[in-house]
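J.: Using the sequences and the accompanying hints, generate a full structural model.
One-letter residues, chain by chain:
There are 4 protein chains.
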Amino acid sequence: MSQKTPVTILGATGSVGQRFVSLLENHPWFEIAKLCASDKSEGKTYAQATNWILSTPIPASIRDRKISSCTPSVKEGLTFSALSSNVAGPIETSYAAQGAKVISCSKNHRMDESVPMVIPEVNGDHIELIHQQKFPHGGYIVTKPNCSVIALCMALKPLLDSFGLEAVSVVTMQAASGAGFPGVPSLALFDNVIPYIEDEEEKMESEPNKIFAKLQNSKLQFLPLSISSSCNRIPVTEGHMEVVSVKLKKKSTLEALKDAWLSWKNPLESFELPSSPTKMIYYFDEPQFPQTRLHRDFDKGMAVHIGRLRKCPILDFKFTLLSHNTLRGAAGGALLTAELLAKKNLL
Amino acid sequence: MSQKTPVTILGATGSVGQRFVSLLENHPWFEIAKLCASDKSEGKTYAQATNWILSTPIPASIRDRKISSCTPSVKEGLTFSALSSNVAGPIETSYAAQGAKVISCSKNHRMDESVPMVIPEVNGDHIELIHQQKFPHGGYIVTKPNCSVIALCMALKPLLDSFGLEAVSVVTMQAASGAGFPGVPSLALFDNVIPYIEDEEEKMESEPNKIFAKLQNSKLQFLPLSISSSCNRIPVTEGHMEVVSVKLKKKSTLEALKDAWLSWKNPLESFELPSSPTKMIYYFDEPQFPQTRLHRDFDKGMAVHIGRLRKCPILDFKFTLLSHNTLRGAAGGALLTAELLAKKNLL
Amino acid sequence: MSQKTPVTILGATGSVGQRFVSLLENHPWFEIAKLCASDKSEGKTYAQATNWILSTPIPASIRDRKISSCTPSVKEGLTFSALSSNVAGPIETSYAAQGAKVISCSKNHRMDESVPMVIPEVNGDHIELIHQQKFPHGGYIVTKPNCSVIALCMALKPLLDSFGLEAVSVVTMQAASGAGFPGVPSLALFDNVIPYIEDEEEKMESEPNKIFAKLQNSKLQFLPLSISSSCNRIPVTEGHMEVVSVKLKKKSTLEALKDAWLSWKNPLESFELPSSPTKMIYYFDEPQFPQTRLHRDFDKGMAVHIGRLRKCPILDFKFTLLSHNTLRGAAGGALLTAELLAKKNLL
Amino acid sequence: MSQKTPVTILGATGSVGQRFVSLLENHPWFEIAKLCASDKSEGKTYAQATNWILSTPIPASIRDRKISSCTPSVKEGLTFSALSSNVAGPIETSYAAQGAKVISCSKNHRMDESVPMVIPEVNGDHIELIHQQKFPHGGYIVTKPNCSVIALCMALKPLLDSFGLEAVSVVTMQAASGAGFPGVPSLALFDNVIPYIEDEEEKMESEPNKIFAKLQNSKLQFLPLSISSSCNRIPVTEGHMEVVSVKLKKKSTLEALKDAWLSWKNPLESFELPSSPTKMIYYFDEPQFPQTRLHRDFDKGMAVHIGRLRKCPILDFKFTLLSHNTLRGAAGGALLTAELLAKKNLL
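Chains as they are written, first to last, in the numbering used here: chain A, 508 to 854; chain B, 508 to 854; chain C, 508 to 854; chain D, 508 to 854.
Just to be clear, a hint being listed does not mean it is correct.
Remember, identical chains collapse to one label, so a pair may be satisfied in a single copy or spanning two.
Said to hold, decoys possible - Dumping the calculated DSS-like pairs for lysine-lysine here, alpha-carbon to alpha-carbon at most 27 Å: (1) Lys-786 - Lys-807; (2) Lys-818 - Lys-614; (3) Lys-541 - Lys-582; (4) Lys-551 - Lys-721; (5) Lys-721 - Lys-511; (6) Lys-818 - Lys-772; (7) Lys-851 - Lys-754; (8) Lys-573 - Lys-721; (9) Lys-754 - Lys-710; (10) Lys-818 - Lys-754; (11) Lys-551 - Lys-818; (12) Lys-818 - Lys-756; (13) Lys-573 - Lys-850; (14) Lys-851 - Lys-541; (15) Lys-786 - Lys-721; (16) Lys-786 - Lys-850; (17) Lys-547 - Lys-757; (18) Lys-551 - Lys-541; (19) Lys-641 - Lys-772; (20) Lys-758 - Lys-547; (21) Lys-547 - Lys-614; (22) Lys-851 - Lys-765.
In short, the hints are calculated from the structure, not lab data.
T.: Rendered as structure tokens:
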């Protein structure tokens, strides 16, 4: 009999849900126990209910599994939520109330005071906030940040540690997959740029302040940091590119920034989590790199890719940043968080 | 016999050259007299020598015209240069030395002291610099700025006039056509972002200072203005999108900026130049506009389109800007300049 | 007061409806009187209710017009239907029953015995079938065929007239716009081919038999003709490309086929209908033409473009065919039909 | 010391050469000994000389290897040629003359009488033709067919074995990567179909006759088979889709065809070659499959994917076929051939 931890996936048929199904296929610690989706999918097989859009096949063991509704049973365990934010809030709460350890990709609970919003390498210590949650049966909710925010904070963390941050200006070029499925119609995105993504700029301008917060007496002290963001949808399938300018607290040099990234000590390094990338940050000296199609999948799609570091005539420095929005930015990031929880015996 | 001014096109077979051919097809003032290209095209018909990529047909009157080499005759007249910057410099000089009135799309002479770099609505007065050029037979060189710079300066001009400018930060999402033909391989650009365009950022960070210069005693006094730019190639065919943040000299409001654009007095308005757009600036209140594919062709592709005006948490205000890079940004912009020269009796 | 014929558009906010609105903006004979759409749009302005996707602006005179529901009044007149086939059938019937002269883009009534399915140049004579329809107040229904079928029959008609047709094999590469809006999600179509379009092959294999029918004693005698079709959706915005092989009744030659196309006598030529293309058929000798992006918009998007004629080792000849699916294939084709009806004093 | 067979790659920096480098990174039997390219790359490191376009990194062990020119030494061994057909012919001959066992992706020697054109599963027995080649030192040339032909013959082989083939009509929708790098300009392919690929139709209409030839007395007896092909370039990065109609010698049924594919006995099955796909043929019952982006990478990109089997009103049956053109269709197919040669002790 399997010793793996059973997992429930909420929203299992959507684009992020599919990533969870794919990533969990041969996971060494976890295995899929329940696939939940909206009522109209209930009772269908996974293959029937799903408009599968990944370029790897539906895992054979999953094709014929029946879909359940998103209704918690008694004593739920590890639960990944890939639900739409239209419905995620109360469903996640109802699962936690039945003891589920919910790891959510949705925005609904991210700013709740006792809910950690976690990038494992950056603020894994925030996880202890779960002890302040009042759910019975050991239930809790942990969230992952917005996909563009995850990459941004991973790139900024070494700079914050070495030089301090005063201001960050960021312009994004985001992939179609960020809008889910069906998401953006092809007629609306082919040969086009849509210079607006609802709610996205608000998230980018507020979530980093919580992610970089200091825990003091079990309370988060948000980092004061000015952020300006402009978010654009462009015609690529996967991978968010971000152009970033930063103003640092300490004066620095191009070499020192590069060194801060390359020598940054990943606190998870010794944990050997199955979904950790080999390196968290890849730095490119070639001026034409990173590129969306070429680098998004490097290292399981779990790293960030930085290039084009140069001085900014207005702030201090600017650079370009790429990450995979549905792997590191969604399902992969949530899975890594679950692995960290497992390592800390919190599952 | 036609009373139209005869026109020579240098680099007539390339992507910008094709735009000149297309725009001049039924022009009320000008008509194509000579089509010049590299030696390997010499003697071929235009249809044979050209890999035509526009979605209107090659004008019937041009198909069978013979291509000449780029060698000036005595007493050249109005000459549009769409030459590659690899060869444009000395060829344009040799034409001017034979009396040609050269209007160039190339970068080679843009920063020459007595060469005006003209956006007709913005700095048409700079044209008088040509009187300082020492070419015989009335020859001169006038340039148009870089395509991304043209749109940027058209959007900034009303703000400069009303509020003064201290700093501008701009991130571009540029079309394939900006790289000419063959330009970027499809395998290099499909489903991808290339975060680097050689030389482009240098142009964006220096040309506006000359364009916004004041003429004093027939000398240009460059505008002091800090500009930071990051230029990206994305998979669209035509149309450059720019995300702009500005710091103004005077404090202002969202309403005042919008009003500055909408009420800006176009100095060309009374001239009725054939290539002038009906309005120089279109402003969109809808948050999802402007969009590349939807708006690039509005008003003959000669206007700029602005939207998403909002406060910037770091500088003062930010907005999004679109223009057509091979119409307003190249052949159309040069043609409008020639029309202004004609109106001023300088042809 | 305007002497133009007032027009009702059903389904005015959709992708084909938008084409009707755009084409009727400055039409010399017709003008928009009513814009009708689904109940959820009723009472909104056209600009509010419409996700406009064309690269020309919403006509200024239309932006603020109110949307009505699709409910016929007494004494309706010329009515274009761009309704989804889910609802078109009974609504069109209800309009005809109130005297409307309905010209429909939907499939619902195409195969009705007394309903002509018209390509004006090909089978304009079928229009007389309307006299067999039993609607009161002079109402009737005329349909246009499927978009891929229109182009195919326009290309085949000269061959049918000159050589007779025995068999036609056709493989299509169809644009996103053929699926309407929102239509195909970008994640489903970027960098992809979808080798299936519901119902499309059935239409291509049956509609030409009716279009090419002979009228005998006011009855259509369907043309016996074997057709095999395979329909694919590919990542282009507009324009359907078709690869066609034909088996003719008479033996022929490459030159004779080309001549059949070039010398074909268009029966509408003397009518000077406003939406007629200058030429119905463009033939290309260059092997790389026609191309979707280059030629779809030629001649108002109302012609067909043929190239690559060569012998077929299995049937007799093969060639490549392009047309604009939402202009000639939808709104433009229906408008041309209305113009022919006007010319025949049937409006 | 490594016991792996050393390998030379000719044309190592091009798009197919990159695939060879990538596929050989951890190959259990072979290892890269020499990287050869054109004279202008000679002496550079692989990373300097190569415009790497794959989404996996350049193997670390290869980045700094020096490029040699394509000049054979004495006693060359296993040699993969990814050279352009402009130069491949004589270079491959010169290598074979020095004892190289050349496996070529180029067309130059494909039709030579004693040169086998091999798809390992389909006509691996043709390999014995090499014994008729007259090169010294054990040198020989083996070729792989055109990329579209490989997929077509893999799909047809089970039908040929079970029912015999009389005629095949095929229309292709081919990826940008098939044209190499730089290949097709993005401006020429975005939002477009190019209905012509030089030489491609000639290959598709002749190579299958040799591939399906019977060996009799060490001579190939070409299969008589009529093939009609039309080849199109469409805007996808990788993966060729083919629409196929077949006329069989024996009457058959849909079920029997499907069964012929599913029950076909792969003659390589027991060989356990490292590059063999798990299954050679994947069959889809879902009407919308296979799709280019979803299925091209399945099973290492080495299988073919078939769907949409149905009756053809003109020939007998029709279906849709997908394969990966630079994996199975180029480098992967050549590598599998080398593995078969190794298994047969012919290296």
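J.: Confirm or reject each hint.
T.: Hints, one by one, checked against the model:
1. In this assembly of identical chains, the alpha carbons of Lys-786 and Lys-807 lie at most 27 Å apart whether taken from the same copy (11 Å) or from different copies (25 Å).
2. Taking CA atoms no more than 27 Å apart as the test, Lys-818 paired with Lys-614 passes between copies only; the shortest distance there is 24 Å, against 34 Å inside one copy.
3. For the identical chains of this complex, Lys-541 and Lys-582 are intra-copy neighbours only, at 13 Å inside a copy versus 60 Å across copies, given an alpha-carbon limit of 27 Å.
4. Neither within a single protomer nor between protomers do Lys-551 and Lys-721 lie at most 27 Å apart by alpha-carbon distance, with minima of 46 Å and 50 Å respectively.
5. Neither within a single protomer nor between protomers do Lys-721 and Lys-511 lie at most 27 Å apart by alpha-carbon distance, with minima of 34 Å and 55 Å respectively.
6. Only within a single protomer do Lys-818 and Lys-772 lie at most 27 Å apart by alpha-carbon distance; the minimum there is 25 Å, versus 37 Å between protomers.
7. Neither within a single protomer nor between protomers do Lys-851 and Lys-754 lie at most 27 Å apart by alpha-carbon distance, with minima of 35 Å and 48 Å respectively.
8. For the identical chains of this complex, Lys-573 and Lys-721 are neighbours neither inside a copy (44 Å) nor across copies (50 Å), given an alpha-carbon limit of 27 Å.
9. For a Cα distance limit of 27 Å, the shortest separation of Lys-754 from Lys-710 qualifies both inside one copy, at 20 Å, and across copies, at 24 Å.
10. In this assembly of identical chains, the alpha carbons of Lys-818 and Lys-754 lie at most 27 Å apart whether taken from the same copy (10 Å) or from different copies (19 Å).
11. In this assembly of identical chains, Lys-551 and Lys-818 lie within 27 Å of each other by CA distance neither inside one copy nor across copies; the values are 56 Å within and 31 Å between.
12. Taking the shortest Cα distances, Lys-818 and Lys-756 sit within 27 Å of each other both inside one copy (15 Å) and across copies (23 Å).
13. In the homo-oligomer, the alpha carbons of Lys-573 and Lys-850 never lie at most 27 Å apart, since the shortest distance is 31 Å inside one protomer and 45 Å across protomers.
14. Taking the shortest Cα distances, Lys-851 and Lys-541 sit within 27 Å of each other inside one copy (24 Å), while across copies they are farther apart (49 Å).
15. In this assembly of identical chains, the alpha carbons of Lys-786 and Lys-721 lie at most 27 Å apart only when taken from the same copy (25 Å versus 52 Å across copies).
16. Taking the shortest Cα distances, Lys-786 and Lys-850 sit within 27 Å of each other inside one copy (19 Å), while across copies they are farther apart (39 Å).
17. Proximity of Lys-547 and Lys-757 under a CA criterion of 27 Å is satisfied in neither setting, with 56 Å inside one chain copy and 46 Å between copies.
18. Taking identical chains as interchangeable, the C-alpha atoms of Lys-551 and Lys-541 lie at most 27 Å apart only when both belong to the same chain, with a minimum of 13 Å there against 44 Å between chains.
19. Taking identical chains as interchangeable, the C-alpha atoms of Lys-641 and Lys-772 are never at most 27 Å apart, the minima being 34 Å within one chain and 62 Å between chains.
20. Taking the closest pair of Cα atoms, Lys-758 and Lys-547 never come within 27 Å of each other, the shortest separation being 57 Å inside a single copy and 44 Å across copies.
21. For a Cα distance limit of 27 Å, the shortest separation of Lys-547 from Lys-614 inside one copy, 24 Å, qualifies, whereas the shortest one across copies, 29 Å, does not.
22. Neither within a single protomer nor between protomers do Lys-851 and Lys-765 lie at most 27 Å apart by alpha-carbon distance, with minima of 32 Å and 52 Å respectively.
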